[in-house]
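Q: Given these sequences and hints, build the entire structure.
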Amino acid sequence: MDGRRRNPYEMTEETPVYVISVAAQLSGLHPQTLRQYDRLGLVSPDRTAGRGRRYSARDIELLRTVQQLSQDEGINLAGIKRIIELENQVAALQSRVAELQSALDGAATAMQQREAAVHASYRRDLVPYQEVQQTSALVVWRPKRQPE
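Taking my numbering, I'd label the letters of the sequence shown as residues 2 to 149.
Some hints could be false.
[To be verified] Simulated crosslink set (SDA-like; lysine to any residue; CA at most 20 Å straight-line):
id, residue 1, residue 2
1, Lys82, Leu63
2, Lys82, Val98
3, Lys82, Thr34
Don't read these hints as lab results, they were simulated from the structure.
Since the model is a prediction, treat every value here as computed from it, not as a measurement.
A: Next up, the structure:
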């Protein structure tokens with residue numbers, strides 16, 4: 002979420018609207034296959050109060066991905082589950098990196114503003130003192146002689 006309030010009636014790709022028979026038709030899978038994927042934790046649809054499954058557009062896309070990985074790539078269901086977990090972890094980490102980058106940018110901007118305020122507060126009648134370098138050279142002072 003981006004922090005803004007959403008209309009509860011707004012349809013998004015995460016809105017659970019499809020019953021299992023429609024989800025099976027849209028994904029090209031048998032309803033029993035969808036039930037098995039749910040039991041295995043590959044695709045976990047939302048549930049109604051009566052415990053009926055409701056699939057979202059994102060769930061349908063995930064079902065198609067599972068089918069493609071299984072049939073076209075020959076990956077077993079345990080491997081597919083691990084791939085899905087890793088993809089979810091990558092997405093969460095990318096979101097966290099974006100969050101931290103935003104916080105870092107904000108902190109850098111605030112620091113630059115504070116630095117500018119400090120520089121603006123300098124007294125203009127003072128001149129910065131530059132310290133003389135210390136050396137080990139010996140300097141002999143001879144006073145000038147007054148003419149007699």
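Q: Hint by hint, which ones does this structure get wrong, listed from lowest number up?
A: Violated hint (a single one): 2; every other hint is consistent with the structure.
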